[in-house]
Amino acid sequence: MQITLYLRSYPIADAPVGVSFARDAAAQRHTFTAAGRVYEAERREVRVVAPDDAKLDAMDNVLRWAGDKGLVKSTAREVYDLAGAGASGFRLVE
1 MQITLYLRSY
11 PIADAPVGVS
21 FARDAAAQRH
31 TFTAAGRVYE
41 AERREVRVVA
51 PDDAKLDAMD
61 NVLRWAGDKG
71 LVKSTAREVY
81 DLAGAGASGF
91 RLVE
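Numbering follows UniProt numbering, with no gaps: position 23 of the sequence shown is 23.
Since the hints were made in silico from the structure, they are not lab data. Predicted model only: the values in this text are computed from it and were never measured. Be careful, since some hints might not be right.
[Said to hold, decoys possible] Derived Cβ-Cβ restraints for the label pairs, each shown as a range:
#1 24 <-> 93: 33 to 43 Å
#2 34 <-> 4: 44 to 54 Å
#3 37 <-> 6: 38 to 48 Å
#4 70 <-> 25: 34 to 44 Å
#5 12 <-> 66: 37 to 47 Å
#6 64 <-> 44: 17 to 27 Å
#7 42 <-> 70: 34 to 44 Å
All residues carry an ideal CB built from backbone N, CA and C; glycine is no exception.
Given these sequences and hints, build the entire structure.
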């Protein structure tokens with residue numbers, strides 16, 4: 001299964017990175033202030049391959065799938081980290 005994650009980052013070291021299953025509203029602004037400067041969020045889409053049995057639960061905002069030890073649920077950030085680490089069943093799509 002392939003899903004799209006939406007990343008929100010800032011062009012400065014040590015700034016937070018937001019990851020979501022849903023796209024931000026076009027008019028919504030996100031800023032980060034550091035050393036007296038205000039930085040506007042940079043947005044991008046990242047495609048991730050997840051296990052075939054994975055289901056996106058929009059109500060709880062998690063991805064659910066059957067793991068080795070039973071049902072697993074993960075946030076968008078956890079899914080991004082799993083794909084980045086190449087965990088079993090997950091990978092980033094280039």
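Verification of the supplied hints:
For the pair residue 24 and residue 93, the supplied restraint of 33 to 43 Å is violated, since their beta-carbon distance comes to about 21 Å. In this structure the hint that residue 34 and residue 4 lie 44 to 54 Å apart at CB is violated, the actual value being about 29 Å. Range check, residue 37 to residue 6: Cβ separation about 24 Å, and the 38 to 48 Å hint is violated. Hint check: residue 70 to residue 25, Cβ distance near 36 Å, so the stated range 34 to 44 Å holds.
Between residue 12 and residue 66, the C-beta spacing of about 40 Å keeps the proposed range 37 to 47 Å intact. Look at residue 64 against residue 44: about 25 Å separates their beta carbons, and that is inside 17 to 27 Å. In this structure the supplied range 34 to 44 Å holds for residue 42 paired with residue 70, their Cβ-Cβ distance being about 38 Å.
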